[in-house]
Structures are given as structure tokens and as C-alpha cells.
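**Q** These are the residues of each chain, in order.
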Amino acid sequence: MLRRSFNVLMLSAALAVGTIGAAMAQDPVRIGVSASKTGPLAGGASGVLWPNIKLWAEKVNKAGGLKVGDQMRPIEIVEYDDKSSPEEAVKNIQRLATQDQVDLIIPPYSTGLNLATAPLIAKYGYPQIVSTGNANDLDQFVKRWPNTFWLLGPAQGIADGIVGTLKDLRDAGKIGNRVAVVNVSDAFGLEMIKTGKPALKQAGFDIVYESSYPLGNQDVAPVIASAKAANPDAFVAYSYPPDSFALTEQAQLQKFNVKAFFVSVGGNLDAYGKRLGAAANGVLIMGGVNASDPVFQAYRKEHLEVTGQEADWWASPVAYASLEILQQAVEHVGSLDKEALNKEIQSGTFKTVIGDVHFDNNINNNNWTVGQWSDGVVHGVRATGNLQGAQQPVIKPVWPSN
Amino acid sequence: MSVPLLAIDRVRKAFGGLVAVNDVSFEVAQGELLGLIGPNGSGKTTMLNLISGALSPTSGNILLSGQPIAGLAAHKIARIGVARTFQLVRVLPSMSAVENVVAGAVFGHNRLWGGEALTLARELLARVGLKGREEIPVAAMTYIDQKRIELARALASNPHVLLLDEWLAGLNPSELRIGMELIREISAQGRTIIMVEHVMDAIRSLCQRCVVMNSGAKIADGISASVLADPEVVRAYLGDDDDA
Amino acid sequence: MLEVSNLGVRYGRHVALEGVSARVSKGEICVILGANGAGKSSFLGAVAGLVGTEAGTRIVMNGKDVTKLDAHLMVEEGIALVPEGRGIFGELTVAENLRLGSHARRAKPDAGKMLDFVYGLFPRLAERRRQLAQTMSGGEQQMVAIGRALMSKPDILMLDEPSLGLSPLLSKELFKSLATIAAEGFGILLVEQNARLSLKTADRGYLIETGRIVGEDTAPNLLKDPKVMSAYLGDAAAAAAH
Amino acid sequence: MNIPRNELLAVGAGLAGAAVLAFLPLVTEGFWLSVSVNIMLYAAICTAWALFSGPTHLVSLASAAFFGVGTYSVAIFIDVLPFPALVLIAVAAGALLAILVGLATLRLSGVYFVIFTLGLAELMGQIVTWVQTNFGGTIGLYIFTDLTEAHLYWMLLALTVIVFMTGWLINRSRLGLALRIIGNDEAVARHVGVDTARARIILFAVSGAFIAVAGAIMAPRYSYITPDAAFNPMTSFLVVIMALLGGTRRLWGPLVGVVPFTLVMDFISGHFPNQTAVIVGIAFLAIVYVLPDGVTGQLESLFRRRRPTDQGLLATTVEEGR
Amino acid sequence: MLILLTGLLLGGTYTLIALGLTLQYGVARIMNLANGETLVAACFVTFWLYTGYGINPLLGLLVIGPGAFVINWLIYAWLMQPLVKRARNRGMLEVDSILATFGLLFLFQGLMLQAFGGSYFNYEFLARPFSIMGDSFGLNRVVACVAAAVIAAALYVFLYHTDRGTAVRAVAVDPRAARLVAIDVRRTAAFAFALGGAITACAGTLLSTFYTFNTSMGVLFTMKALIIVIMGGVGDIRGAVLAALVLGLTETLVASLLDPGLTLAANYALFILVLLFRPQGIFGKRPA
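The listed protein sequences correspond, in order, to chains A, B, C, D and E.
Per UniProt numbering, the very first residue in the first sequence carries number 1; after that it's consecutive.
Per UniProt numbering, the very first residue in the second sequence carries number 1; after that it's consecutive.
Per UniProt numbering, the very first residue in the third sequence carries number 1; after that it's consecutive.
Per UniProt numbering, the very first residue in the fourth sequence carries number 1; after that it's consecutive.
Per UniProt numbering, the very first residue in the fifth sequence carries number 1; after that it's consecutive.
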């Protein structure tokens, strides 16, 4: 399986190179992207953002193009690498807006770069649908930049999701009161722990172990050992991909068995389930999807076919949804008028792979916050707002011995 | 005799196990031109490095006009009034002749600045025979001219003591004559000079007195002519004469 | 065996050697005398391939022109140099230093024999073979340096100021060893400031002044030559001695 | 002291040039303004960097540390103090850090100094992270101001002018002479009475303070400050590369490197977004092999027809004074 | 005990990361900033061999090591030799090599990006618990640590007990004197550079069995390696091993007893202390 997907990946990479610059039909809609291809953020962007842009562009063009008014116009993606640096990102947006004069802009990956580019994107009036960034102060941002839309909702909801799930499990008498919580010490990890910790306390949990570790650190044996020594019932990690993998592997190795085991970014990757196999069963992750929704299933299939890469179980569909919203907004408005598009996105409702989306005050308040692995699939077990399809969380079985 | 200008008192310098300067003492009077000689590796240059502050002694004292200077940083000693030249000539290659000399005037004992420093530098260049070549980059100058620059730079700081480290080495016979004349003139103007030298004829004709070192120790100190005839000094230079 | 003709060396504008010609034969000890800065070390460096030579220089070793060869290839031609300051590998042991000496291809077959010869010559080295070279005394380090050069089984052993920093007694022992080495058939070319001692051991000598050879004679004749004394102590001293 | 005519002319021309450049934001608001902000930013930082590294031949990779300190000076106090006061804080913080580092690294030379300074930026980033984790509660700090790109551009232009003026004044001062001597031969410098340690530290402080100010000015552009972004080691590397490309033997040398480098990099990332790294890598290797002395070095040797003897950074940092 | 063993395992990992660089920098005098990229490239190749063709990473070493050796030899011969030739002193070579290998860093990164994209990769290999004195550790980590020990020991034997190895050390100690004992310094430097590259690549192979990696991660490894090499004393493999173990232990101690958030800070603090008080490295002798 791995081998196949890997070869597909290689093949598609080769194809991608070949198709760049392939002549498009007349008068395309030019859509600019500036996001990370190199630097520390490239890992995330290449997993979540770039493949979905590729998938979406290909799908739209295959269907004859983007419907603008009564015309079907092909889309052309103009892409730049921001090298994970704010200066580059700002410059790229300027280039897209004033040199390339693109019709639409797909904003960068990560909260930081979205905020750094927001003033400029606002200046030029493009809608900025942020699918890969969030924070607690979204209201403030929206006031500043009414053209920004926040698909992931406030950080609060995401951070608290796991607290709610643990509370449910405890109230059902399935787990005890003791929680170990760790976080990666970067902007994301801190934002999460800042809201997550009080929420845990308020819910009456005992925090028996608490710690942070540096970004990029994969040598987390001491973290797991200390957490294990505190003998918790649940383990919560606000983590990033490399450390999500490392924490899980160490927990397995050290037979750190808890009834609820939660990792954040990284746990949603398909590779996570592949790598762990049966051991993943019962692991709780940040975010989630409605895995039984046929729309989502079709999307996953297409994603693999077109990009050679598996979609993940949280961020990919959200990123794709942001593009669908952009597309539908154009179709609804019937023109590329930015002002009109912003208005439409503010008020309209859009059918996407993550279900129907509409923004309240530019913020999407219906989000999956917790998912759980089960036989190679993630099922959403908790959501904010009124998302349907959540399953009941279960207690994590002990790690299988191997 | 009053307090000597420079007094070296049982100075010792050891590099690990190797004793490069072994409890050497001597004194230099105001206005004297002292030769410091000895075969290769006898510790002469180390001695100069100790006086100028490039090295700090393991033990012993160095007094300049009664003020202890042993172990001070080189730039402090330079400001107190010790200037030197280097064994392998060291000019400031990217700077012009006059700038090289200004360097000595600005930072050394003299602490001049601006026009004053410039005037002095030009004067000294003229004195060492480089009049009219003030603006030439020193990298383009001949060996002897670079040596002149170095001398002028040392003089520009108006030092109490001038240390010349094999300043005459590598000069051809005619250059040598000019060089010796220059040293003689500077000495005649009352400057106190210690010169480390291998050119014995120069020592003989310039220095009334000289100190001889061998294997880190002082082996002779006195009137040049008699010191150079001392069998022990001859042996130090030429090796053992007999098989005894 | 070694023939150098019209050798010239410059460092930038400074002419260190000009038109120097010299030769060394098998089993002979030849000494180069001269004051500091006369160009003696440059001469050895040029022959060893460490210092670049001017056009016109010709160095012939055993009938083969080796003028522009790199230093490591000079060793293969049978020229070994013990540089001033000895150039031993201080952070390596005595045995390692000696073993490196036989790194040359020409030395490999007889490495064992040469090692026995070196240990026979300097029994101290055999006792201290495991010691780091930099922790030894000056005289012992000189033995390491000479031993290492011998290990390459050279036809000509060149030494730059071997007695520098050694006590008179040690210097004498050193020259005795050199005589032994020469007796084994190695040619020896040395630069030495201890003129009397070296001339007593040597067969022949050259006198260098400011980059040129100003005299060549047998050792006993040079020993009596006032030019030698004047080279070191000045003309007046030489005059006074006579 | 009288100022040579040609230098006065150069200063005049520089000021006139700066005055002309000040009108740029009135002509373009868009992409070229952004590019100009970047050029101006690196012009200021690289020149400030070369103030220290040029004469001392010590390659400092601490630019990111100073830049980050400046950025954080703004980020921490933006809500309580007016922007000009923040710039002053950045000056103080940058200088203070430079003095501490300068004192600590007096004995280091060559590659040890390089690596120390590289580690410094990382260490600062880690410390800030840790402090914020344990005492601040968040890592990201928001900076919302009404400063537009044009404002940033003007501030950076002013900073660049000030850096140049400072460099020029230093060159005309005792300190400047001392530095030239140190750059030529540190042992000689000591022996003519130059307090090399003091000169080195003062210069490092001046250079560090300027870089910190650049960081402070750029902070509003980031909107959201995190240690990774503020202490990004890439900043340090880019500074070294551009400055070396231009050459560090003239005050205007780095500028000669910054402008073409920024434009070429921009061209590459604009036209080969997917191959940027490969092309940058090859371009870089080409620079190292073709322009060993940087552009200015190349120009000068063209004029002089002979190679200067003190070329090559770090060339004189071998052991001395034994 | 757990802390000690975890620290040792981590130290073993760090040893792997640093050994190659200490050869490249210590002997060939090339400060290779692309060291981390070499390592990451080996991770990718291992991944490709394992997931694509089912070649066990330990067997993969047999392909990757020699392959990296050849590639690094060519890099040295084509790209570094011209710099060595034109450098008039060690300082110049240092700056030139920093700049040139910085270019290489981008080039390698770009090539990997073309081939593999920017996402995170990992795979499962020997991710089984392995019990040492009652505590369990990842077998992959244990294997890597043992491999590190084997490589370090082999390197030690080579450097200290063979003629060729002694010649390599001789070049590191004194390149000028090395020429006098018929050592071809250029060839030996090329050999050391290539060997260093091969060891770095082996490190990548072993690390890929338990690290998640992506194209942009090389710099992290380079930084670690630099710190260890400088701490241990340039070119001194015993120093490098000791420094790596010290670093591993310190990090684990700090993480376990103090605060995992401080591990990296402790790292740099330790490094800076060593630089300030023993700039010549743990075993290094002060230049006389």
C-alpha cells in the first residue's frame, strides 16, 4: 500500500512539473496563491494546502471551468513560495495583486502568515478565507479586516473539544479524573494550553502532569516517562506532526496505557493510522470529519487519485472547503467583483465536503473538534455548533503488544 | 646613577615546560642604545615581547621609569611609552604610508589627532627618507621602505623606549648602511633604543653596550667589543670549540 | 645523487635565494652555513617541494628531474626533510609518528627493518613508543623527527637546525647519531647554526649569504675559514680572531 | 578637521539620492514598494552588519538575534508606549545584547565566533519561548498599528541613511582609524596602543543596535510575532551573503550586493516558484566561485589591476602574538 | 536509571549525527553546512528503498553508505577542491566553504523538494519495545545506538590502528608536516570528506527508523552536529562521542527533572559555556 501510494506520489510530482505552463483556454480566471514550499511551514502546507489547490483546480477545469456569470472560464493558478517568511509572504501578495493582478487570492498556510498578509489582502479587497489558521481573537481580526473569513472557528472551541469529550467519558464513569497534559511550545501549543488548561480545571479534572517541549523535538521519551509516572487516566497532547508521532510511539513502547489518549496536529494524518495500524484504534485526535458522509468519501478518493497523496482526516477537507466556498461565491455572485464576493461569503451558505458552511460574523462556528481512530478511519466524536454525524467516543484499549 | 629608564628584574617566561626566558635582569639608561643579541632561539624576541606586552611574564618585574608594566595589555604599554617594530616587517598593507605613521601618532604615547598627527607623520616620513611618497599604498613599497614606515610609525608615538626587532635583517649591504645611519641619528637625538639584531657589525658599530642571551639566560652584559670577544659568547654562536 | 642548479626562491618582492647550486652524494654529510635570514631554510624547503621555486631552477635526484614535484612525491624520490621546529605530529604517539614515516610507497617493504634501525639508533624511542610526541623533551622530539624521516628510507636526509634548543651535550649526541646514519650510506644535508660542531661532523659545506652561495669547501677547510666566523659574528670579529 | 572634497560630494550625492528615493511610495503603492521595503531593510541591516564584520573580519551570524530583540521590543510594549519610544528601547536592547555578547566572545576568533553567534539567535528564541510559555501565557504577540508599507519604507530609508552617516562618521573618527588598523593587523594595532577589545565591543554594539532598530521597524509588518519568525536564522545568513556579495571593504559595498541579490532572488522566486531552492543553490555556488571578493572587490581589482593583499574575510584571524 | 539510559540512547543518536561532520571539518577543513541535508537525503532514500522495494534499512546501509561515499568524493573533487586551492589560509577556506556549502544546502533541499515534496514522512521499522533493566525502549532506537557505537568503534579502530587512518589523523593535526611523510594531503582530505559524508548518510538511514522527517529539517541536524563537533574539539572523534553523550544526558536530565521546554536552551547554554571556557574542545589542547 505504502509502496503504491509512494510511486503515485513520485509520478504525480513528475506530472505536475510537466503541466506547469500548459496553455489554458482563453481568458482564464487567475487565482493567486502564496504559501510555503520551503522552510519550517512547508511540511504542513505540502500536506494540507497545496494538494487541495491542485485537486480543486483540476476538478474545476475538467468540469469546463469556473462559472462566472454566464461564462465558463478556466482557472489558472499563479503560485509563489513564501519560504515560511512573513516578508516573502507580504511581497508575494503584493506581486499577485499589483503585478499579476490576479482575480482571486488563496491565502497562505498558518496563522502567522495569514495575519501578516491580512492588512495587504484587505487593502486590495480580496476575500481571505483562512482554512489553516485560527486564534482566540477572531472578532478583533474581523473588525479590522472584514474580508477575512475563519473556517476553523475560534481556538477556544478546538482546544476545549477534548475537554468536553473527557468530561463526557468521565461523567459516563468510563475514565477517572486524572489528566496529564503536554504541549509543544510554539504559538499553537501555547494558544491551546492557555484555553485548554482552565477548561480542564473548570470541568473538575486533576492535572497530574503538565509540561511543554520545544518545537521540533522528537526525543520525547522523558515526557512520556514522566507522564506515565503521574499515573493519569487521560493523556492530552497539544502537539505537531513530528512529535505527535514520537509521543505515540513512545507511549506504545513504554506501555503507557491510558483510557483516553489525545494528540493534536499529526494525529489527523492518514499516515498516522497507516503507521500505527491496529494500535491507532481509540486514539483521540484534534479535529475530525464525518467519515460516513459519502461526499467526504468521494473527496478522499479523488484526492488520492489526483494528488497521489491521501487526504488527512481534518485539515484537508477544510482547506478544500475554503476553495469550494470561493468557487460557489463566484458562481452565486456571477462576477469577480471583490466587494460583492465578500458580501456573498458573509451571508451565503455553501455546500462543501465538510457539510453546509455559513459564516456568522465571518467566523464558521460549526467545526469538528475531536475525532477518534477506528480501524483506519477517523470518526468525528465532537463538534462545535450543529454539525451532524458525531459518534460516541470509546475508551482506548491497551496498546497491542508486538 | 638615578633610576634607570627601563629595569628588567629577574624576568622569566615559560611555555609549558620550556623556559624561553630564564630569570633575566638588565637595565637600560635614558638615551642608551642597547644591543640584545644571541643565537637563534635564545629568547631575545620573547624578551621584547615581554617588554612590549605581547606576552606576560611568568614571574619577575619590568619597570619603566619605576612604574611596573609587566603583564599589562600591549595597548596600555604602548600608551605608557613603549613602541616596537616587528621581526618580519608588519605594515598595514591596505593603508597609505602616511596613514601607517598616523596610526602610531594617534594611538600611541603621543595621542595626537587630526592635523597635528598628519603633520608629525609627514615630518617623520621625511626623516626616514620617504619624503614625497606619503600617499603611496605601502603594499606597493619595497622591503626597506616598509621597514622605514614601521620605524616612522614607532617613532610617531614619541615613545620613551623604542624596541627594534631585527630591524636590519634582510637588507642588502647598501640598504644596511642607510639603515644603520638612521638608527644612529635617532639615537643621537636622545631616544632610548633596545635593538635585537643578528647583524653583528651593526651591533658593534651602533651599540656601546650589549646584552647577550643564550638558551633563555643572560650570558654577558657589557661593552659591545669586549662582549663579542668573550669566549662564552663566541661559543654560543659557533658551538663548542673543543672536544673537552 | 642530489643535484640542485640555479635554484631561485622569492616571497613576493623579497628574493630569498638566487642562482643557488649544490650537490650531495651518497654517504656524505653536507652542511649549509650562514647567518639568520641568509636563505638556508628556504633552500631545504625548496628541495623538499614545500616552497615554490622560480623558473630556471633544476633539481635532479638520482638522475631524475624532480624540479616541480609536490612535497609528498619528493619523499617517494628519496628526499626526506626534518623541518625546523621538527614538524612532528604532537598529538600522535611516537610509534604512530614513526609508522607515518613509512607511509611512502618506497618505504613499505622495509618498514620493519627501518624501525629496528631507528630503535637501535635511538633506544629512547623504543622505550617511549606509546607516549604522545608533544609530551617529550626537546631532544627526544628531535629523535622522533629524525626517526620519522629515516622511516621513509630516504637517499638523502635533510635537517633544518637540528640542534636548535638542545643542550651542548645533546647536540653532540645528535651529531654522533648523524655520523652513524651517514655511515649506513644515507646522504645528509643539514642547515646548522652551530658551525663548529657541524663542521666537525660534516664532510663538506656551503656558505650562504643573502641568498647566494659565497663559499664551498671541505669541512676542515671551512672550519679555518674566517669567512665563516664573519658570517656569524661580523667582519670585525673575524679580523680580531686572526 | 577638514573634510576632503570628494567625501563631501559623496555625502551630498548620497543624501540627494535618499531624497529622491523618498518619493518612491508616491509613485508605486504595490509590488515594487514591497520589494523596495525589502531592499531597504537589507540595505540597512547589511551595512550595519558590515560596520562590524568588515573591519574586524569576524563573521557574525547574530543578526537574527538583534533583529528579533528589536521586533520583540515593539511587540511587548506596543500597547503601552508610542512607536518612537519603542525604537529607542530596541536601540538599548540591541546594544545591551551586543555588549554582553561582545564581552563574552572577546577571546573567540574565526569559526568559533561564527558558531557562537549562530547559537545566540537560537538561544534567544528558546529563551523568549520559554519565558512566554511560563510567564506570558501566549507565544504569539499581535502588533496592530496604522503604519502602512510607505511608512515602513520611509523609516527604513531614514535608518539606512543614519547607518551610512554613522559609518561615515566612524570612518572619520579615531575609532574608524583604529578599526582599519585592526582589520589590517590586530597585533600591530595592539602595539601602537589601540584598545582592540574596546573598539570591537563598541562597534558590535553600534551594529547590533541598528539591526535591532530594523527589527523594530519591521515588526508592524509581521502583525503577529512568534519567536520562529523573529529569530529566523535565515535572516542572519541572508545578511552575510548579501554583504559578502557586495564586499565589505567599502561602506557602500553591502548595498551593491543587496540590490542585485534581492532583485535576482525575487526574479527567481517569481518565475520558478517550484525550483527556487535549486536555482538559488546553483546561483549561490556560482557567486562563490566567480566572485570570490564580492562585487566591489571585483570592481576594485578591475580598477587597480592588482589584487589587494588583505582580501578575504577572516583572513587575519590566525593565532597571533606568540 | 531510566533517565540515564534514555540519555545514552539520545547521545548515541547525536553521535551518529556528529561523527561525519567532525571528519569533514576536522580533516578536510570543510565546514559543511549541507551536512543536515545529506542526512535527510539518506532518510528519504532509506524510506524509498524500504517502502518501495522492501529493503530493510539495515541492509540499505550497505547501499547508502558507499553511494554517499562516492557522491561526497565527487562533491569534494569538483566543488571543494577549487576552494582549497585558492584559499591562502585556513580562515579564507572556512568562509568560502561556509558560503559554498550554504549553496549546496539549498541545492540539495531543492532537489529533495522536487523528488519528494515538502510533507512529513516516516515509516515503521522495529518500533517494538526492547527491555533493558526493566525499562522498555524503542528497539529501533536501541539498534541505532548500537550501530552508532559500532560505527564509532570502527572509525576509532580505523583512525588509530591502521596506516591509512593514522595518515588521516596526521593531516588533521598538521597538513604541512603530513606532506613530508609522503601523504597526499589532497587525496586524504577528499577521502576524509567522502567518509564523513558516508557516515552522515548512515546516520540518516538509522535515524529515519524512528524520526519523522521532511525536506526542510536538515538545518536542525546541522546545528546539533555543529554544536557537538565544536564541543568535542574539531576533528576529535573521542571528543565528539563524549560531547554527544554529554548532550544527550543533559537534555534528558533537564527534560526529566527540570522542564522539557528548556532542553534546547540547556543545549545552547552548555555549548556556549564550552566555547567560552574550552574553545579548543573537551579534549583539545590549548595551542602553545
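Rather than coming from a laboratory, the hints here were simulated on the basis of the structure.
Values in this document were obtained by computation on a predicted structure and should not be read as measured data.
Where hints are given, some of them may not hold.
Keeping only pairs whose Cα atoms sit at most 20 Å apart, straight-line, the calculated SDA-like set for lysine to any residue is [to be verified]:
#1 A:Lys167 to A:Ala199
#2 C:Lys172 to B:Ala169
#3 C:Lys68 to E:Tyr160
#4 A:Lys143 to A:Val306
#5 C:Lys64 to C:Met1
#6 E:Lys85 to C:Leu223
#7 A:Lys274 to A:Val398
#8 A:Lys228 to E:Leu258
#9 C:Lys68 to E:Leu258
#10 A:Lys123 to A:Asn136
#11 C:Lys113 to E:Asp163
#12 A:Lys123 to D:Val27
#13 C:Lys108 to C:Lys172
#14 A:Lys59 to A:Glu305
#15 C:Lys227 to B:Asn172
#16 A:Lys338 to A:Pro28
#17 C:Lys176 to C:Gly215
#18 A:Lys59 to A:Lys255
#19 A:Lys351 to A:Val295
#20 C:Lys224 to B:Asn172
#21 A:Lys255 to E:Pro66
#22 A:Lys201 to D:Val27
#23 B:Lys131 to B:Thr142
#24 C:Lys227 to B:Ala169
#25 A:Lys255 to E:Asp135
**Q** Hint check: Lys59 (chain A) vs Glu305 (chain A), CA-CA at most 20 Å. Holds or violated?
**A** Holds, because 12 Å separates the two Cα atoms, which is no more than 20 Å.
**Q** Next pair to validate is Lys123 (chain A) with Val27 (chain D); report whether the Cα-Cα distance is within 20 Å.
**A** holds (17 Å)
**Q** Is the Cα-Cα distance between Lys64 (chain C) and Met1 (chain C) 20 Å or less?
**A** Holds - the C-alpha atoms of Met1 (chain C) and Lys64 (chain C) are around 10 Å apart, at most 20 Å.
**Q** Going straight from one Cα to the other, do Lys131 (chain B) and Thr142 (chain B) come out at no more than 20 Å?
**A** Measuring from Cα to Cα gives roughly 15 Å; hence the hint holds.
**Q** If you draw a straight line from the CA of Lys274 (chain A) to the CA of Val398 (chain A), is it 20 Å or shorter?
**A** holds (18 Å)
**Q** Does Lys59 (chain A) pair with Lys255 (chain A) here, judged by a C-alpha cut-off of 20 Å?
**A** Violated, at roughly 45 Å.
**Q** Does the alpha-carbon distance linking Lys143 (chain A) and Val306 (chain A) stay inside the 20 Å limit?
**A** Distance ~38 Å between Lys143 (chain A) and Val306 (chain A) Cα, so the pair is violated.
**Q** Do the alpha carbons of Lys85 (chain E) and Leu223 (chain C) lie within 20 Å of each other, as the hint requires?
**A** violated (45 Å)
**Q** Does Asn136 (chain A) lie within 20 Å of Lys123 (chain A) when you go C-alpha to C-alpha?
**A** violated (23 Å)
**Q** Within 20 Å, alpha carbon to alpha carbon, are Lys224 (chain C) and Asn172 (chain B)?
**A** Given that 20 Å is the threshold and the Cα spacing comes to 26 Å, the pair is violated.
**Q** If you draw a straight line from the CA of Lys108 (chain C) to the CA of Lys172 (chain C), is it 20 Å or shorter?
**A** violated (31 Å)
**Q** Does Lys227 (chain C) pair with Asn172 (chain B) here, judged by a C-alpha cut-off of 20 Å?
**A** Satisfied, since the Cα-Cα distance of roughly 18 Å is no more than 20 Å.
The structure is inconsistent with the numbered hints 2, 3, 4, 6, 9, 10, 13, 17, 18, 20, 21, 22, although it conforms to all the rest.
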